[in-house]
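Undergrad: Chains as they are written, first to last, in the working numbering: chain A, 1 to 454; chain B, 1001 to 1209.
None of these hints come from the bench; they were simulated from the model.
Beta carbons: idealized from backbone N, C-alpha and C, even for Gly.
Where hints are given, some of them may not hold.
[Said to hold, decoys possible] For each label pair, taking beta carbons as the anchor points, the in silico distance ranges come out as: (1) B:Glu1158 - A:Arg239: 35 to 41 Å; (2) A:Ala242 - B:Leu1166: 47 to 53 Å; (3) A:Ala384 - B:Glu1125: 32 to 38 Å; (4) B:Leu1166 - A:Pro78: 37 to 43 Å; (5) B:Ala1142 - A:Arg104: 52 to 58 Å; (6) B:Arg1069 - A:Pro2: 53 to 59 Å.
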Amino acid sequence: MPRTLFDRIWDAHRVASLPGGADLIAIDRVFLHERTGAAALARMAETGRTLRDPARVFAVMDHIVDTRPGRGDGTLMPGGEGFITETRAACRAAGITLFDVNDRDQGIVHVISPEQGIVLPGVTLVAPDSHTCTQGAFGALAWGIGSSEAEHAMVTGTLRMERPCAMRVTFAGALPPGVTAKDMILALIAAQGAGGGAGHVVEFAGEAVRGLDMEARMTLCNMATEFSAVTGLIAPDERTFAYLAGRPHAPADFADPYWRTLASDADAVFDSEIVIDASGLAPMVSWGTSPEHTIPVTARVPDGPQRAHDYIGLAPGTPLAGTPLDAAFIGSCTNSRIADLRRAAAILKGRRIAPAIRKALVVPGSMAVRRQAEAEGLDKVFEAAGFEWRMSGCSLCFYAGGEGFPAGSRVISSTNRNFEGRQGPGIRTHIASPETVAASALAGAIADPRDYPA
Amino acid sequence: MSAFPQPLVARAAPLLRDNVDTDTIIPSREMRSTGRTGLADGLFAPWRYVGADTRRENPDFVLNDPAYRGAAIIAAGRNFGCGSSREHAVWALAEYGVKAIVAESFAPIFRNNCIRNFLLPVVLERTAVEAIAGREVTVDLAARSIACEGIAYAFAIEDEAQQMLLHGLDAIDLTLQHRADIDAWTAADRTARPWVYDLPARTQESVTP
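All chains should be modelled from the sequences, with the hints used to inform the complete structure.
TA: Here it is, written out as structure tokens:
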């Protein structure tokens, strides 16, 4: 019987079928961070349970670490240091590999996992973080869970799960210039709604997906959680294997024929299919307070929930382009990798952000990304344009009570969530690609990146 | 942690919005310690209080209405609990006293977190959610039914989740009964996919900046 890639990975990891209808699924990798991982480790210690295989559990400090150069355990978030010190102590006690605050390989969990070759095609990987779906870009089944489920995975090496349905989203045709993976996923969520992927594992396929580099594939899979999908994934190909080969935790090569079996059969049947014409897509920007409130940058704000219009301060019919901005942010597990920074820097090179922009940050996704960017001189481009150049971390993708944007700011952001208050109380967020953030920062207002050629 | 109070009789607080996210249920700034307690005060802080740094109640928010203060049931729209995986959202709801959420749909991670903490997620059609919102209902988990003003609304929930909530079963304890299966699977997989298991220890060189 023909099978999807999801079927293959699920079936290969099914340890048992449980009486209540769920399956017991083996988990190959667990990745923790200091914000939610410490709670899982603390409960395990309280109950006297132990990790089944600490060598396959990893942890990183990324969520609330300071991103200013010269950082230590101190953080602007009140009480934040406790998350760092408690996580460090718990990782040491449990024998977990920790990428600590000043480790040369520190970075956002979903950026460093591929850099280290911890995620591999065909593995199951879970983390108490909703954007774990990012790692599906490597053909892994990778998804976000809660702290209790993380504890379950660490203690038993498994999770109890009902088998999800399979969906295929095909991006047919080639992307036009200036349109990116971020615009693809935003267009999907705008068309289908923030609940459109509920109950499904989504495989992204089609010519436009095949044409994406690994960084862009991660951007595409990253927002599967904003689509309410269990996760997203992309079948591995030679580009995937070339990226991973020889990384510290990955095989030296992918010559074994096994790796080429990780794909959906040509005649596999999906429970649900969506086809999008990639050649007709445009740069997308959110106008409201859910990722489904997203339109092409050239469009006018549609009729939406009154609450969303009130919070964001844009009435139906208003052109989105030209909306004045106060701040700009480039970073997050969505768009903070070297390819993202190169594309944003190409637009900013030799230019200066508008005086109206009171705060502009570039936060690289990992220290390795930061070093690479500096080797290419991108840091100087960002600083000359008026952006601050930071150490890596999640930073202002969300507001944790420490560093924030100026009160009342309207922010153009390469992040994944435009919820009310996500980047701070009263802060209004517009999510977009790094190119759109760069162009908009130059204009001081929401702008079309195609008007700012590199 | 107690199991689901069967049957649950309470008024359903109406919060008929779509895409209520976990950042709103418990903002990151309200997660002040690594523990699972002390979160109820920050529940729905952006909507429940006036201003970010005060605890002055917003009279327009449903849980500040004397009729719904301390509500055990919340009636909501579609995609409830979307966003961050933070289990703190469920811990905050549970500590506040919420025992069941009736919604048009749930985000998947939030729904799992509910079950692990014995908080019942019920999916009903929009018209049914609207019909029970603001009214006293009886939730019978054993019968998978919600009764309101003489009308019974059937709901679906997996057998396993139903039994876990009714009997307060611990998922890890249940799974550890399959230890032999897990050991056998792992032994075979170790041969088939050695790269999953054979991992290098990180060197001191790699951890210093």
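Undergrad: Would you list, in rising numerical order, the hints stated earlier that this structure does not obey?
TA: As far as the earlier hints go, only 3 is violated by this structure.
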